[in-house]
Amino acid sequence: MKFVVTQDTPTGLWFWELRAAEGGSIARSQTGFRTVAELFESIHAIRAQAPKSLVFDLLGTLYEGV
1 MKFVVTQDTP TGLWFWELRA AEGGSIARSQ TGFRTVAELF ESIHAIRAQA PKSLVFDLLG
61 TLYEGV
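Sequential numbering of the sequence shown, starting at 1, is according to the numbering used here.
It is worth saying that the hints were derived from the structure and are not from the lab.
Where hints are given, some of them may not hold.
Simulated crosslink set (SDA-like; lysine to any residue; CA at most 25 Å straight-line) [said to hold, decoys possible]: (1) Lys2 to Glu41; (2) Lys52 to Gly12; (3) Lys2 to Gly60; (4) Lys52 to Phe15.
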């Protein structure tokens with residue numbers, strides 16, 4: 001997997017996209033970041049917290065061991 005960063009030309013905001021090794025999109029930032037520093041801070045937070053993330057369905061059921 002890899003993060004790809006882009007800047008929206010009209011607004012100047014930065015966005016990230018997490019892509020699979022094959023290139024398909026897995027997730028995208030919904031928030032546009034004003035600076036590259038804010039963008040990278042978001043990516044670092046995801047990298048740090050993802051291993052600890054729990055998995056729930058829409059009803060709130062926790063999937064153990066995932």
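Cross-check of the supplied hints:
Simply put, Lys2 and Glu41 have alpha-carbon atoms about 16 Å apart, close enough for the 25 Å limit, and the pair holds. Straight-line distance between C-alpha atoms of Lys52 and Gly12 comes to about 32 Å, which puts the hinted pair past the 25 Å bound. With a CA separation close to 29 Å, the supplied pair Lys2 and Gly60 exceeds the 25 Å bound. Proposed proximity of Lys52 and Phe15 is supported: the alpha carbons are some 23 Å apart, at most 25 Å.
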